[in-house]
Each structure stands twice: as structure tokens, then as C-alpha cells.
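A.B. asks: Remember, the working numbering sits 1243 above the position in the sequence shown when you count from 1.
Treat the hints with care, since some could be wrong.
[Said to hold, decoys possible] Pairs of lysine-lysine, BS3-like flavour, derived with a Cα cap of 27 Å:
| id | residue 1 | residue 2 |
| --- | --- | --- |
| 1 | Lys1414 | Lys1315 |
| 2 | Lys1396 | Lys1347 |
| 3 | Lys1315 | Lys1423 |
[Claimed, not checked] Label pairs and their in silico Cβ distance ranges:
| id | residue 1 | residue 2 | range |
| --- | --- | --- | --- |
| 4 | Gln1296 | Leu1432 | 36 to 42 Å |
| 5 | Ala1350 | Asp1419 | 44 to 50 Å |
| 6 | Gln1452 | Ser1323 | 30 to 36 Å |
| 7 | Asn1328 | Val1456 | 29 to 35 Å |
| 8 | Gly1302 | Thr1269 | 18 to 24 Å |
| 9 | Ala1351 | Thr1388 | 17 to 23 Å |
| 10 | Ala1351 | Asp1451 | 41 to 47 Å |
| 11 | Arg1260 | Gly1433 | 33 to 39 Å |
| 12 | Arg1343 | Ala1425 | 35 to 41 Å |
| 13 | Gly1302 | Thr1459 | 25 to 31 Å |
| 14 | Glu1286 | Glu1421 | 37 to 43 Å |
These are calculated hints, taken from the structure and not from any lab test.
We put the beta carbon where it would ideally sit given N, CA and C, even for glycine.
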Amino acid sequence: GAEGASVCVNYYSERERDDAEAVVSTIEQAGTRAFAFQADIGEESAVERMVAQAAEQLGGVDLLVNNAGIEKQVALLEMSLEDWNAVLHTNLTGSFLCLREAGKVMAAADGGTIVNISSVHEFIPWPGFAHYCASKGALRLLMKTAARELAGKRVRVLNIAPGAIVTPINKFVLDDPEAKHAVEEEIPLGRIGNPDEIAAAVAWLASDQASYVTGTTLVIDGGMSLYPKFV
1244 GAEGASVCVN
1254 YYSERERDDA
1264 EAVVSTIEQA
1274 GTRAFAFQAD
1284 IGEESAVERM
1294 VAQAAEQLGG
1304 VDLLVNNAGI
1314 EKQVALLEMS
1324 LEDWNAVLHT
1334 NLTGSFLCLR
1344 EAGKVMAAAD
1354 GGTIVNISSV
1364 HEFIPWPGFA
1374 HYCASKGALR
1384 LLMKTAAREL
1394 AGKRVRVLNI
1404 APGAIVTPIN
1414 KFVLDDPEAK
1424 HAVEEEIPLG
1434 RIGNPDEIAA
1444 AVAWLASDQA
1454 SYVTGTTLVI
1464 DGGMSLYPKF
1474 V
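Work the whole structure out from these sequences, hints included.
C.D. replies: What follows is the structure in C-alpha cells.
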């Protein structure tokens, strides 16, 4: 892409194929290789195939960005096991499988970097989203444990914890002016972040400038976690 990386773009189902192919086209126009791969990252065999294909087509795997995630608002006492499992399937099991498989390739080569896109809710509770918070809290300790285990193999593992960002997962807020304003009032910098700000952080963490950084979470939230409501 713009940072010179060749990229495997994962997408979940046929519904997202066109969007994935559009991303591939953008990356190719920037002068690097890219391909799209359909996989449910919570399915072990699918992740194994995806990582193997990425290593074969791109000549290895130097960077994994674990950015798939879902959320669904459900009160704790009304939450079904199906609700719980659906979120954990993608947010935690999927992140684990991608981390494990990419980590194998990196450890067998010259190392690499794994960046999990977590959330401020890896340390901030969020009523109505117990399953989401549990998945992100667990991802924090998965990251730290993986960083300890893989450091000797020159693999760095990190989390980025975004606050409110302009992404599809926040569509229900972005489409409601009152809800959007309410969120902005809870952010000291007074605005919702944009995806480019997260991408820039990923690029830095993957660069040699961050070669001494591992096992930690970089919070990018406009100061949201400083707000008294969340303390």
C-alpha cells in the first residue's frame, strides 16, 4: 500500500467481496501487490489456508494486523450463549488463530510484528456489551503473553486501543446526530477519530522506529479514557 507493503486483504463473506477487491485495487495502484482472501477467521482451517496463501504469494509474512471485530448491544441478563459466542468467535478466537498462524511464519523467518486492533474497552467497562469487553480484555493479556513468548523469536506483539472512530462498527452513532454529539462531548479533543489516524499508528509500530516496542497497548482515543464518566 502507501507504506510499501504487499497485502492480503481478508473479508468474511461474499457480501464484502466488492469492498475487499476495491481495497486491493487501491493498494495495487500504490505500486505494491495485493490479493483478497475470503475467510471466517474464527475457523481454524480457513485461517491456516489464508496465512499459507499470504506467505506463498507475498514471499512471507512480516506484519499481521488483527482488525476484524464485531459488537452487538445486549443486556447481560438477556445475553444468549449464541450472542456471547458470536462476539468471542471473531474478536478473540479469530485474533488468536491469526496470531498463532502468522506467528509461526514470522518465527521461522526473520521475525515480524503483530498488531491487534483492540479497543479502549480492553480496560473500560461498557454496560450492554459484556461480551465485547470480555473479548477485548482477554485480547490484552493474549497480546502480553504472546509478546513474552515470541520476543526471543524476534516477533513483536502489540495492541492499539482506539476510542470512537469513523468506521462501520460505529454506524449507529454516526448516523444519529444526537448520539454523535453525545459521544463527542465525552471526548476531550471534541471529535471522533478517523481511520487514517489508526493506520498511521500501525505503520509506525511496524517500522524500525518502533523496534524496541512490544507487549503494550497504544491508546488512540482523543482522551476519551480520561473522561470522569469512564473512570
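A.B. asks: Next step is simple, just say for each hint if it's right about the structure.
C.D. replies: Quick rundown of the hints versus the structure:
1. Lys1414 / Lys1315: holds (12 Å)
2. Lys1396 / Lys1347: Holds: Lys1396 and Lys1347 sit about 10 Å apart, inside 27 Å.
3. Lys1315 / Lys1423: It holds: about 18 Å lies between the C-alpha atoms, which stays within 27 Å.
4. Gln1296 / Leu1432: 36 to 42 Å: Once the Cβ atoms are compared, 40 Å apart, the range 36 to 42 Å for Leu1432 and Gln1296 holds.
5. Ala1350 / Asp1419: 44 to 50 Å: holds (45 Å)
6. Gln1452 / Ser1323: 30 to 36 Å: 45 Å Cβ-Cβ, so the 30 to 36 Å window is violated.
7. Asn1328 / Val1456: 29 to 35 Å: 33 Å Cβ-Cβ, so the 29 to 35 Å window holds.
8. Gly1302 / Thr1269: 18 to 24 Å: holds (21 Å)
9. Ala1351 / Thr1388: 17 to 23 Å: Holds - the Cβ-Cβ distance for Ala1351 and Thr1388, about 20 Å, lies within 17 to 23 Å.
10. Ala1351 / Asp1451: 41 to 47 Å: violated (21 Å)
11. Arg1260 / Gly1433: 33 to 39 Å: holds (37 Å)
12. Arg1343 / Ala1425: 35 to 41 Å: Holds: the Cβ-Cβ distance is about 39 Å, inside 35 to 41 Å.
13. Gly1302 / Thr1459: 25 to 31 Å: holds (29 Å)
14. Glu1286 / Glu1421: 37 to 43 Å: holds (39 Å)
Of the numbered hints listed earlier, those contradicted by the structure are 6 and 10.
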